[in-house]
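Add chain B to chain A, keeping to what the hints say.
Chains A and B, in that order, are what the protein sequence lines are.
Our numbering numbers the first residue of the first sequence as 283 and each following residue consecutively.
Our numbering numbers the first residue of the second sequence as 539 and each following residue consecutively.
A few of these clues could be false.
[Said to hold, decoys possible] Chain A is faced by these chain B residues, among others (derived, beta-carbon under 10 Å):
{"hint": "1", "residue": "Y560"}
{"hint": "2", "residue": "Y573"}
{"hint": "3", "residue": "Q575"}
{"hint": "4", "residue": "P577"}
{"hint": "5", "residue": "Q586"}
{"hint": "6", "residue": "G643"}
[Claimed, not checked] From chain A, some residues computed to sit far from chain B (all C-beta separations above 10 Å):
{"hint": "7", "residue": "P290"}
{"hint": "8", "residue": "Y292"}
{"hint": "9", "residue": "Q299"}
{"hint": "10", "residue": "I308"}
{"hint": "11", "residue": "V314"}
{"hint": "12", "residue": "R337"}
{"hint": "13", "residue": "G340"}
{"hint": "14", "residue": "F342"}
{"hint": "15", "residue": "G344"}
{"hint": "16", "residue": "R349"}
{"hint": "17", "residue": "R355"}
{"hint": "18", "residue": "T362"}
Hints were generated in silico from the structure; no laboratory data involved.
Here the structure is a predicted model, which is why all the values come from computation and not from measurement.
Heads up, the beta-carbon is just placed ideally off N, CA and C, and yes, glycines get one too.
Chain by chain, the residues run as shown.
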Amino acid sequence: KAGVTQTPRYLIKTRGQQVTLSCSPISGHRSVSWYQQTPGQGLQFLFEYFSETQRNKGNFPGRFSGRQFSNSRSEMNVSTLELGDSALYLCASSPLSTGRNTEAFFGQGTRLTVV
Amino acid sequence: GQQVMQIPQYQHVQEGEDFTTYCNSSTTLSNIQWYKQRPGGHPVFLIQLVKSGEVKKQKRLTFQFGEAKKNSSLHITATQTTDVGTYFCAAPNAGGTSYGKLTFGQGTILTVHP
Numbered sequence: 283k284a285g286v287t288q289t290p291r292y293l294i295k296t297r298g299q300q301v302t303l304s305c306s307p308i309s310g311h312r313s314v315s316w317y318q319q320t321p322g323q324g325l326q327f328l329f330e331y332f333s334e335t336q337r338n339k340g341n342f343p344g345r346f347s348g349r350q351f352s353n354s355r356s357e358m359n360v361s362t363l364e365l366g367d368s369a370l371y372l373c374a375s376s377p378l379s380t381g382r383n384t385e386a387f388f389g390q391g392t393r394l395t396v397v
Numbered sequence: 539g540q541q542v543m544q545i546p547q548y549q550h551v552q553e554g555e556d557f558t559t560y561c562n563s564s565t566t567l568s569n570i571q572w573y574k575q576r577p578g579g580h581p582v583f584l585i586q587l588v589k590s591g592e593v594k595k596q597k598r599l600t601f602q603f604g605e606a607k608k609n610s611s612l613h614i615t616a617t618q619t620t621d622v623g624t625y626f627c628a629a630p631n632a633g634g635t636s637y638g639k640l641t642f643g644q645g646t647i648l649t650v651h652p
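Pulled out of the complex, with its shape left as it was, chain A reads as follows (with noise of 0.2 Å):
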């Protein structure tokens, strides 16, 4: 079974740009998880979608957004971005069809540096 598969790995943007981060999951998995990880914050919660649907979502400011397909596919958008924004930017999934926590299923991530 192929695992969580991020695009792309590495990115560098300039501020005040936008970016596109994909995210598919692993077969049959409906629910996508993304995260923020930075050396100084460790590994924040940005926002959780099942079937289509966000439920869940971290405080974040609004730049970040996210949308999940029909095919349990995920992106995250940032726009405008910040310095601060550089991470690396995990997307999880997991089978989550009760609601009850289940193991996340990480991908490699998307490094981004924005300067």
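Just chain B now, with coordinates in the frame of chain A:
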């Protein structure tokens, strides 16, 4: 919001020594999960603890969940260089819906000197 405190932040050991990392929550947890992230890698699920006082072992790794379900620990016996990485505890969102959100501890970075 929910916070999970993890200590120590760093741990340097000689190969063969033991290692322990601790997690504490101010609220009672429904369960706690542990992940390992190798340098340059992504978090990989190790285990989930659900029951009060639960102890689980995976070879040289021993995981414990406190009786009050507010703390947990991971102990590695006789560390090896392959144990190098960051170990995270993670707890599901407290209260309300627990959909997809894990609150991670800050992680313990383990280095092992051969």
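We went through each hint and held it up to the structure:
| no. | hint | result |
| --- | --- | --- |
| 1 | Y560 | 16 Å, violated |
| 2 | Y573 | 8 Å, holds |
| 3 | Q575 | 9 Å, holds |
| 4 | P577 | 12 Å, violated |
| 5 | Q586 | 6 Å, holds |
| 6 | G643 | 8 Å, holds |
| 7 | P290 | 15 Å, holds |
| 8 | Y292 | 12 Å, holds |
| 9 | Q299 | 25 Å, holds |
| 10 | I308 | 12 Å, holds |
| 11 | V314 | 8 Å, violated |
| 12 | R337 | 4 Å, violated |
| 13 | G340 | 7 Å, violated |
| 14 | F342 | 12 Å, holds |
| 15 | G344 | 18 Å, holds |
| 16 | R349 | 15 Å, holds |
| 17 | R355 | 16 Å, holds |
| 18 | T362 | 25 Å, holds |
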